[in-house]
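Input sequences plus hints: build the corresponding full structure.
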Amino acid sequence: MVYRSFLIKYAEIGTKGKNRYVFEDALIKQIRFALKEADGKFKVWKESGRIYVDAEGEYDYDDVVGALKRVFGIVWICPMVQIDNKDYENLKKEVVAYMDEVYPDKAITFKVNARRGDKQYPHMSEEINRDLGEVILNAFPQIRVDVHQPDVMLHVEIRHRINIYSLMIPGAGGMPIGTNGKAMLLLSGGIDSPVAGYMIAKRGVVIEAVYFHAPPYTSERAKQKVVDLAKLVARYAGPIRLHIVNFTDIQLYIYDKCPHEELTIIMRRYMMKIAERIAKDNGCIGLITGESIGQVASQTLQSLAVTNEVCTLPVYRPLIGFDKQEIVDVSEKIDTYETSVLPYEDCCTIFVAKHPVTKPNINVIRRSETNLAEKIDELMETAVETAETVVCQ
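If you read the sequence shown in the UniProt record's numbering, its first letter stands for residue 1, the second for the next number, and so on.
Among the hints, erroneous ones may be present.
[Stated by the list, open to error] For each label pair, taking beta carbons as the anchor points, the in silico distance ranges come out as: (1) ARG366 with GLY173: 39 to 47 Å; (2) GLU332 with GLU56: 49 to 57 Å; (3) LYS333 with ASP60: 17 to 25 Å; (4) THR312 with VAL147: 40 to 48 Å; (5) ASN90 with VAL147: 21 to 29 Å; (6) LYS333 with VAL364: 35 to 43 Å.
Simulated from the structure, these hints should not be mistaken for laboratory data.
Source: prediction; values computed, not measured.
Even for Gly, the Cβ is constructed at its ideal location relative to N, Cα and C.
Structure below.
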């Protein structure tokens, strides 16, 4: 079967009442963006609570389905046959032809599920179910009906046109990008932060990202690794503006002036300060991190509290209750894992203390940070002003 059309089904969008059209339009925009990767030309349009993708000419089916599966807001992708001639006898012929072509092995069970969206159509849903089931059984005696657990659920929607489909391919779910504001992701070269960005983007949030680079202690390959990770997340989240901050001078200054067991938490606090500054400058209303309780020294409850203390924007931590394997599972699902585990160091690992404090005291940390008063503001300003921005898509 060569499908010319796809029915796009959503879930949460349907609960948005009078604002539903805003979410539908955002979803259509994201579908069009995703389909730029696929071979072919496509028309994306909506009609009475339904969104359709029509192929205009030749196209690659697998490419299209793969692109649509990465669009947040889509729950089901339904390849379908759409017919203009709504004559009842013609519908019966089309249904028989559909079953014959899509299911060459007729040793199956089926059920017809008709919905009459067009209330002017002269046949009721139960009548359509009965009559279409009858013509299928007459055409293919080896097929059987099973109304409880059929192998094939044949959907027939009577609308302005008639939609016939039985395949329902799971989509990414979530909400369309751009419907829930913008936030800044602290993106490292590890496994966790790309997953965190993906999960927040899934709720409709536009993502920007900041990466802290520390040359010459971190290589250009480490920087490229983060750019590559941003591009992989962008396949789901749309284009990501990645702000690359040179953090070397700040790290060296902290290393020289502060107790080494406090290095990780103090460096983290200054990363959060810089990330928040860049976030506010770019219209972001929150920060995103890949932290998970207890995973490392800087992610104990005490450390997270000390880190949060420097922020005025909310900090979203979607992985906070995940264990490592759960995070790895998501990273494999979104194809970031293999890139994340490439052995290129990031700025955190270079300056890590042998015995980092795991239960920092906020007053002690503040006192240690007074040692930085002479130069830290100037260094932070330079880091922000010299940040490089790359658009990843």
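Now for the hints, and whether the structure bears them out:
1. For the pair ARG366 and GLY173, the beta carbons lie near 43 Å from each other, so the given range of 39 to 47 Å is met.
2. At roughly 35 Å, the beta-carbon separation of GLU332 and GLU56 lies outside the given 49 to 57 Å, and the hint is violated.
3. A beta carbon spacing of about 22 Å between LYS333 and ASP60 agrees with the range 17 to 25 Å that was offered as a hint.
4. Evaluation of the 40 to 48 Å hint for THR312 and VAL147 yields a failure: the beta carbon distance comes to about 58 Å.
5. Judged by the Cβ atoms, the range 21 to 29 Å given for ASN90 and VAL147 holds: they are separated by roughly 26 Å.
6. Our hint of 35 to 43 Å for LYS333 and VAL364 holds, since their Cβ atoms are close to 41 Å apart.
Checked against the numbered hints above, the structure breaks hints 2, 4 and satisfies the rest.
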